[in-house]
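A.B. asks: From just these sequences and the hints, can you work out the full model?
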Amino acid sequence: MNARASTKVFVTLFIAMHLIVILPGFFSTQGYAEQSRDVPFAPPTRLHFVLADGQFSLRPFVYGWDRAALDTGTYEIDRSQIYPLRFFTTGSPYTVVKGWVATTHLLGAEKPGRLFLFGTDDFGRDEFSRMLYGGRISILAGWIGAAIALFTGGIVGLISGYSGRWVDSVTMRLVELFMALPWLYLLFAVRAILPLRIETTDTFILLIAVVGIIGWARPARLVRSMVLSAKERNFVLASRAMGASHFHILRKHILPQVSGLLLTMAAYLIPQFILAEVTLSFLGLGIGEPVPSWGTLLAELQKYNVLVNYWWMYAPGVALVALFLIYHWASTTIQQKVEVPIA
Amino acid sequence: MSEQSKSRSWLQLKIVLAGALFALTLLGAASKAQSPQPTAEIGRAGGRITVALRTDPKTLNPILAVDTTSREVIGAMQADLVHINRQTQRTESALASSWKVSTDGHKYTLQLRHDVKFSDGAPFTADDVVFTFQLYLDEALNSPQRDLLVIDNKPIAVKKIDNYTVEFDLTKPYGPGERIFDSLAILPKHSLEAAYRDHKIGEVWGVNAKPEEIAGLGPFRLKSYVAGQQLLLERNPNYWRKDARGKSLPYLNELLFTVVANEDAQVIKFKSGETQILERVGADNFNLLQKDSSSKSLCLSDVGPGLEFVFLLLNMNSVDATKHADIAAKELWFRDLKFREAVSLAMDRKGMVRLVYGGRATPIWGNVSPGNRLWLSANIQYPERSIDQAKALLKSDGFSWDANGALLDSQKHPVTFTVVVSSSNAQRTKIATVAQDDLKQLGIDVRVVPLEFRALVDRVMNTHDYDAVLMNLVNGDVDPTPEMGLWRYSGEMHLWDMGEKTAATPWEAELDKLMESQMTTTDYATRKKLYDRVQEIVAQNLPLVFLLSPDILVGAQSTVGNFRPGILDPYALWNVDEQFIRPTGATCH
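Keeping their order, the protein sequence lines are chains L and C. The first sequence: position 335 = 335 (the numbering used here), numbered continuously. The second sequence: position 35 = 35 (the numbering used here), numbered continuously.
Estimated spans, in silico, between C-beta atoms of each pair: (1) C/ALA378 with L/VAL321: 54 to 62 Å; (2) C/VAL66 with L/LEU181: 34 to 42 Å; (3) C/HIS413 with L/LEU58: 53 to 61 Å; (4) C/ARG90 with L/PRO43: 43 to 51 Å; (5) C/ASN379 with L/PRO43: 40 to 48 Å; (6) C/ALA525 with L/GLY73: 39 to 47 Å; (7) C/GLY398 with L/LYS98: 27 to 35 Å; (8) C/LYS323 with L/ALA209: 24 to 32 Å; (9) C/ILE387 with L/SER259: 53 to 61 Å; (10) C/SER410 with L/PHE88: 41 to 49 Å; (11) C/HIS413 with L/ALA209: 24 to 32 Å; (12) L/GLY73 with C/GLU213: 48 to 56 Å; (13) L/THR74 with C/GLY398: 41 to 49 Å; (14) L/VAL321 with C/HIS413: 43 to 51 Å.
Mimicking DSS-like on lysine-lysine, the simulated pairs with C-alpha atoms at most 27 Å apart in a straight line are: (15) C/LYS117 with C/LYS247; (16) C/LYS440 with L/LYS111; (17) L/LYS98 with C/LYS440; (18) L/LYS303 with C/LYS271; (19) C/LYS430 with L/LYS303; (20) C/LYS528 with C/LYS154; (21) L/LYS98 with C/LYS412; (22) L/LYS303 with C/LYS269; (23) L/LYS303 with C/LYS350; (24) L/LYS303 with C/LYS291.
It is worth saying that the hints were derived from the structure and are not from the lab. This one's a predicted model, so the numbers in the text were calculated from it and none came from an experiment. Yeah, the Cβ is synthetic: ideal placement off N, Cα and C, and Gly gets one too.
C.D. replies: Here's what the structure looks like:
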């Protein structure tokens with residue numbers, strides 16, 4: 001595969017993955033909080049193509065489980081009834097944007113058949129749907145965190161590098177202080193002082209904001225070093241000699257030089273902050289039940305019996321790795337295009 | 001023996017939390033039918049049993065020990081006057097060979113065993129008993145056992161009649177009677193008197209004490225201790241108990257406690273045969289072990305529901321309406337019996353048992369779990385789960401629903417509240433998630449907030465800044481008296497409305513009276529009647545929404561003889577003096 005083709009593949013994947021998590025309701029097969037208490041830890045539903053009489057069916061179908069076996073906690077397929085899969089089925093309602101509630105899902109089994117593409121968790125919730133919804137939270141966390149870190153870090157770096165002297169000294173000591181902060185303990189403290197009655201999503205965005213605010217230090221340093229060399233360039237000196245204002249020089253001459261760096265940093269920071277969200281949720285500081293995130297989904301694997309018995313619970317981990325690969329590709333590509341060094 | 005002495009005091013229905021040190025990790029299922037009481041098997045001498053502990057013991061001093069681990073270890077080294085048989089839940093003679101109660105029920109005269117020696121060879125007499133109780137009751141020592149020995153604000157009095165007779169004045173008739181003596185270690189006056197005189201009791205018998213410094217009347221004595229690794233006990237040659245053939249107990253030569261902090265690691269060690277007894281295990285691991293126990297010669301025992309109960313607590317405290325206007329508004333619902341009934345009706349207790357405990361818990365509707373055979377009231381009928389009935393109840397009470405199905409109160413305010421759970425307890429969070437979904441079916445939007453455990457306790461006990469909490473309590477004994485603090489309106493554990501000056505409702509006043517009179521009645525049948533009425537009132541008024549009681553789960557290698565676990569702590573080691581090692585494994589009971 002040549003570079004052009006691989007770029008196409010990655011761009012497609014990048015867009016597809018983000019589209020899916022922007023519209024989890026449509027792509028999911030049911031709501032993330034919907035519990036089927038009779039089927040905890042059900043294995044992924046197998047899609048069948050061959051009917052009992054040996055005939056091939058172009059439309060895939062699923063079987064239900066044997067009721068009697070379910071009561072003893074085992075999953076045995078009941079072949080007496082088939083449930084064909086359908087596109088654009090009507091299912092549990094979800095909100096697309098505030099005020100617009102839809103019920104159409106991309107894929108579903110004919111009722112009362114149940115389709116658990118990636119199996120179910122301990123409450124009998126569909127792991128596939130939870131993974132999609134979880135991705136929305138996790139990726140949002142990455143973007144918000146990175147945006148805050150880059151914005152703050154960019155401004156501080158610009159000012160610090162451009163003005164030099166004592167401003168530079170003070171901000172750089174501050175940067176060092178922030179880099180040395182034990183941020184995990186800080187987060188524990190932040191969660192402890194938050195009031196109880198706060199939307200889980202708000203708590204979460206707040207925590208991510210805190211992570212972002214702490215995360216500005218590294219970009220600030222990089223931007224500063226770029227600015228330091230940029231401000232000595234001849235065209236900057238020329239512009240200054242012609243009486244350009246500081247603001248004009250920063251905006252017209254220096255910012256364009258660091259923008260490539262900022263973009264690269266973004267591609268590198270987003271997965272890092274997604275990982276931070278995973279860590280937070282893993283420690284119980286993230287988003288609360290029943291709202292899923294990849295972190296809370298993976299936290300299930302902390303339990304030994306889940307780890308060894310239910311392999312489908314690894315699905316969010318696989319998704320996470322795939323997403324990281326895509327971001328890694330994006331970051332390398334941008335880096336090559338703009339040719340800036342990265343920390 | 002440990003934990004319960006402490007928790008038997010009224011204030012201290014112990015709050016156990018999630019996964020932390022204390023964690024009774026129990027899971028729960030249907031109560032097992034009581035098998036006929038097997039008498040102790042005659043064992044063979046020798047051998048060693050290894051048991052894993054979660055943490056190091058903090059002290060070996062019975063006066064000071066608070067934590068489960070210390071008490072567990074001390075339990076094997078010390079003996080009490082009267083002992084509760086964990087299997088029958090009734091009292092048995094121990095260092096006191098017999099006792100008499102005065103006709104007015106005030107006084108207990110205990111006849112002590114003759115020719116009993118401490119592990120260091122010194123004789124045991126009434127002086128040791130009097131000295132021991134002097135220590136437990138000394139306010140300066142602040143022993144956790146003290147509040148157990150103070151009945152209605154009056155400490156009990158101890159008097160030596162002769163060398164082998166002691167009289168206890170309980171100051172008033174006392175319902176639990178001689179159960180008060182269980183797990184109170186009798187200490188050697190000859191070795192502790194000097195330290196007591198010099199006010200140094202707090203410094204003796206720490207974990208670093210030399211083995212010869214510690215003397216006890218229990219089946220084992222200290223041999224060595226390596227911090228963070230293991231504590232080795234050896235057979236006490238002077239132990240007073242004998243088996244049915246007159247042979248001295250204990251059978252075992254050594255009892256080894258190893259420190260294994262993590263439950264998964266404990267399970268792996270047990271599976272590999274490194275430890276012989278598994279004291280507390282979670283349902284997930286228990287079910288995993290059970291899958292391959294047949295081939296591994298492990299005897300796993302689901303002893304049935306213990307004395308732990310998990311419940312939903314709705315805040316009915318009188319809070320400052322200017323400071324906590326939102327809570328005050330929600331309390332209007334919580335104080336409404338029909339609302340509480342609807343919440344209780346919506347709870348899928350069976351689902352919680354299955355999903356959270358893999359079937360190893362028992363749904364409950366009152367605080368007395370089916371494991372408490374002596375006190376469970378048989379006549380109370382509990383309603384089956386029904387969302388429809390719950391909705392009808394809410395409707396008749398002036399609640400309504402909006403177009404999206406959200407529940408509105410009579411003022412048309414949406415009904416929503418938060419449920420706080422301990423963040424370190426995964427099971428509790430899972431129960432809350434089920435409850436959240438159940439309440440959603442009534443149109444109630446519930447948010448689950450995991451909080452650090454101490455922050456949770458602070459809100460429940462002090463600031464009352466919460467809507468609802470999902471928590472648990474563990475009774476130390478099957479007797480109802482430890483629940484005084486919970487049911488009396490002025491009780492220290494009257495969780496739903498702390499610090500009532502007068503009873504807020506007629507039924508709370510009646511509860512108060514019933515609990516008071518059961519404590520000062522000594523006749524079991526009369527007390528049972530009083531306590532049945534308590535259970536009836538609780539069932540009718542739902543001060544707490546009871547959910548489930550986890551099973552006590554333990555295991556032993558099939559080579560361990562006389563393994564007869566009970567639901568009172570210590571579940572598996574209470575009869576360690578009778579336990580022995582068989583040369584080959586036997587079939588499990």
